[in-house]
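**Q** In case you want the letters, here they are:
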Amino acid sequence: MKGIKIVVLAKQVPDTRNVGPDAMKADGTVNRSALPAIFNPEDLNALEQALRIKEQYEGTTVTVLTMGPGRAAEIIREGLYRGADDGVLLTDRAFAGSDTLATSYALTLAIRRLEPDLVLGGRQAIDGDTAQVGPQVAEKLGWPQVTYAEEMHFENDKLVVRRRLERGVETVSAPLPLVVTVNGTAPACRYRHARLVMKYKYARTDTELQAENADYIATSRPLMPITEWGTEAVGADPEQLGLSGSPTKVKKIDNVILQSKQAKQLTSSDRDIEALVKELFESHTIG
Amino acid sequence: MNSLFVFCELDEGKPVDVSLELLTKGRSLANALGCRLEAVVLGSGIEGIEKELFPYGTDVVHLADDPVLEHYRTMPYTSVITGLFRQEQPQIALMGATTTGRDLGPRVSSALHSGLTADCTALEIGDHYDRKTDTTYKNLLYQIRPAFGGNIIATIINPDHRPQMATVREGVMKKEIVNRNYRGELKKINVSDFIKPEDLTVEIIERHMEARRVDIKSAQIIVSGGYGMGSRENFNMLYDLASVLGGEVAASRAAVDAGFAGHERQVGQTGVTVRPKLYIACGISGQIQHTAGMSQSGKIIAINNDAMAPINSLADYVINGDVADIIPKLIKHYKANAR
Numbered sequence: 001m002k003g004i005k006i007v008v009l010a011k012q013v014p015d016t017r018n019v020g021p022d023a024m025k026a027d028g029t030v031n032r033s034a035l036p037a038i039f040n041p042e043d044l045n046a047l048e049q050a051l052r053i054k055e056q057y058e059g060t061t062v063t064v065l066t067m068g069p070g071r072a073a074e075i076i077r078e079g080l081y082r083g084a085d086d087g088v089l090l091t092d093r094a095f096a097g098s099d100t101l102a103t104s105y106a107l108t109l110a111i112r113r114l115e116p117d118l119v120l121g122g123r124q125a126i127d128g129d130t131a132q133v134g135p136q137v138a139e140k141l142g143w144p145q146v147t148y149a150e151e152m153h154f155e156n157d158k159l160v161v162r163r164r165l166e167r168g169v170e171t172v173s174a175p176l177p178l179v180v181t182v183n184g185t186a187p188a189c190r191y192r193h194a195r196l197v198m199k200y201k202y203a204r205t206d207t208e209l210q211a212e213n214a215d216y217i218a219t220s221r222p223l224m225p226i227t228e229w230g231t232e233a234v235g236a237d238p239e240q241l242g243l244s245g246s247p248t249k250v251k252k253i254d255n256v257i258l259q260s261k262q263a264k265q266l267t268s269s270d271r272d273i274e275a276l277v278k279e280l281f282e283s284h285t286i287g
Numbered sequence: 001m002n003s004l005f006v007f008c009e010l011d012e013g014k015p016v017d018v019s020l021e022l023l024t025k026g027r028s029l030a031n032a033l034g035c036r037l038e039a040v041v042l043g044s045g046i047e048g049i050e051k052e053l054f055p056y057g058t059d060v061v062h063l064a065d066d067p068v069l070e071h072y073r074t075m076p077y078t079s080v081i082t083g084l085f086r087q088e089q090p091q092i093a094l095m096g097a098t099t100t101g102r103d104l105g106p107r108v109s110s111a112l113h114s115g116l117t118a119d120c121t122a123l124e125i126g127d128h129y130d131r132k133t134d135t136t137y138k139n140l141l142y143q144i145r146p147a148f149g150g151n152i153i154a155t156i157i158n159p160d161h162r163p164q165m166a167t168v169r170e171g172v173m174k175k176e177i178v179n180r181n182y183r184g185e186l187k188k189i190n191v192s193d194f195i196k197p198e199d200l201t202v203e204i205i206e207r208h209m210e211a212r213r214v215d216i217k218s219a220q221i222i223v224s225g226g227y228g229m230g231s232r233e234n235f236n237m238l239y240d241l242a243s244v245l246g247g248e249v250a251a252s253r254a255a256v257d258a259g260f261a262g263h264e265r266q267v268g269q270t271g272v273t274v275r276p277k278l279y280i281a282c283g284i285s286g287q288i289q290h291t292a293g294m295s296q297s298g299k300i301i302a303i304n305n306d307a308m309a310p311i312n313s314l315a316d317y318v319i320n321g322d323v324a325d326i327i328p329k330l331i332k333h334y335k336a337n338a339r
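Protein chains in written order, with my numbering: chain X, 1 to 287; chain B, 1 to 339.
Check each hint, because a few of them may be wrong.
Unchecked claim - Computed footprint of chain X on chain B, listed as stretches where at least three residues anywhere in the stretch have a Cβ under 8 Å from a Cβ of chain X: (1) 117 to 123; (2) 230 to 240; (3) 296 to 308.
To be verified - In silico DSSO-like links for lysine-lysine, alpha-carbon gap of 27 Å or less: (4) LYS335/B / LYS174/B; (5) LYS251/X / LYS132/B; (6) LYS264/X / LYS329/B; (7) LYS217/B / LYS175/B; (8) LYS251/X / LYS174/B; (9) LYS332/B / LYS277/B; (10) LYS249/X / LYS138/B; (11) LYS335/B / LYS264/X; (12) LYS174/B / LYS278/X; (13) LYS278/X / LYS175/B; (14) LYS252/X / LYS174/B; (15) LYS278/X / LYS138/B; (16) LYS329/B / LYS278/X; (17) LYS264/X / LYS299/B; (18) LYS249/X / LYS132/B; (19) LYS5/X / LYS201/X; (20) LYS252/X / LYS138/B; (21) LYS264/X / LYS332/B.
Claimed, not checked - So the derived label-pair ranges between C-beta atoms look like this: (22) ASP11/B / ARG93/X: 27 to 35 Å; (23) GLY97/X / ARG207/B: 36 to 44 Å; (24) TYR182/B / ARG71/X: 27 to 35 Å; (25) HIS263/B / SER33/X: 47 to 55 Å; (26) ASN156/X / SER218/B: 44 to 52 Å; (27) ASP15/X / GLN296/B: 23 to 31 Å; (28) MET1/X / GLY34/B: 30 to 38 Å; (29) ASP240/B / GLN262/X: 42 to 50 Å; (30) GLN296/B / SER33/X: 30 to 38 Å; (31) ASP306/B / GLN262/X: 26 to 34 Å; (32) GLY45/B / ARG190/X: 43 to 51 Å; (33) ASN156/X / ARG86/B: 34 to 42 Å.
Honestly, the hints are just simulated from the structure, not real lab data. Backbone N, C-alpha and C define an ideal beta-carbon position, used for all residues, glycine too.
Bound-form chain X, shown alone (with noise of 0.2 Å):
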């Protein structure tokens, strides 16, 4: 078989695993720009999907496609490090507030630019958990969908696909141009490449070579370009995009703080599990 030419849709999102109590405000609410900035785990399970089908078809080529602010570079370049051959950013103040059929929107469309064979995603993002992104993308482009993907291989011009389901696995079989979206279950990615780190150490968009000492950086290595493109590079209507062309609108964010009951508090002396266990009993909770 020729090679492919594979889509890795990867997310930059805010490390939600684990708030600490220095991402805590005062009032008990989360500091969002103290978490750290991460790819997005299930996407990183995707990309390894494109790696080893890369790996085994040569002519393969993968291309990281992230929709963010500028910061959202460090998605592609993580990607660059780990094999991937290039990667596009697609930024622009227009994309600010998209709900998920916005960004799917946008996402279509730079898709249809780079016409890939396949596009691999992450089942969902740990930021807003909905895994609506991948199918929703599938629907646009008028192309089937293959979910929960943890195994992937090609018999013939077919993709064979194993999927994790809540009870169990289903294993389908799907012709390209195809979207998949890989589960946490799948293979981890490989970890990045130290020549590869070397080669990708300045790949840079423009807008951050703007803001860089540009000169300095361009003469020092050989400039590693990345795509960078906004609503007119890939034609989008800006009514579709952002808050006004997302059919959810938030009316309310309540921050949660969690209201005290009187708790009794205990000891891990024998004494007070005893106690407790006999207290247990009487009010009939167990036994």
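Following the hints, complete the assembly by docking chain B onto the known chain X.
**A** Same frame as chain X, now just chain B:
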């Protein structure tokens, strides 16, 4: 008045619990709106299934019965549902946040350009005033869900697009028969009106479904472990305590992610919602992601060595100390005091 639709998912020919829970919730929302509750069911050889849905107060059951619909597949199901929704113009459409609902929902919302909110923990009807356009929207669906890793609770609305779509996890809503003799109307969907040959290009080669092994939802006593259990070995102590107490073992998302337990035991927004008589939270910090799925437990015991853990503020009893030291003591004193 446009109807409220519930997508009813089948498992081996039986409606799954979450669909019946959504019919129950849908009935009360439909009453508040003064509209009809309609269900849509797809499958193969499912004649008569409507009789299982009417008792929940379902006014109309749309039935698509065709061999190509035997097992869920994205494209044919999407085509039937979007086709039906284009015809019927529901104002609200609800689905279970199962692997099926989370595959189908976004696809349908993308095709119809309607907003979808995943994993809602509450659904309410309410109004909305938009200052910018000076417009008041009456009777919108408030889609309420934790976000941002559970650190905020967001209320989402879809003012301008229909249907207003939401998915809900199993166990979040209560399942209740309205009237055993409730009579609704059956409407058969002509599948060939909606399905195109290119919808069938993805083929199922093999399926391995296991019987539901673990049922934490119906357990009266739950011993639940979090990332603070530290290791799989420590986590396994919870099975000893659960077996002595006659309960089940559950886990927080962090513990599942760490590989201490399988996803079928996960309690919380992206897991199962439980309401046991007793919930023992061991080494669980208590992010909303988790507490959304257990805060309605009868009694809560929190065991951890972090006096500031959020779970402590929900608990009736807080035992401060090393879980690995406390669990054997609980077992010992239970055995000594059991009659």
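**Q** Would you pick out the hints that fail for this structure and give their numbers low to high?
**A** Those not satisfied are hints 2, 4, 12, 13, 15, 22, 24, 25, 28, 29 and 31.
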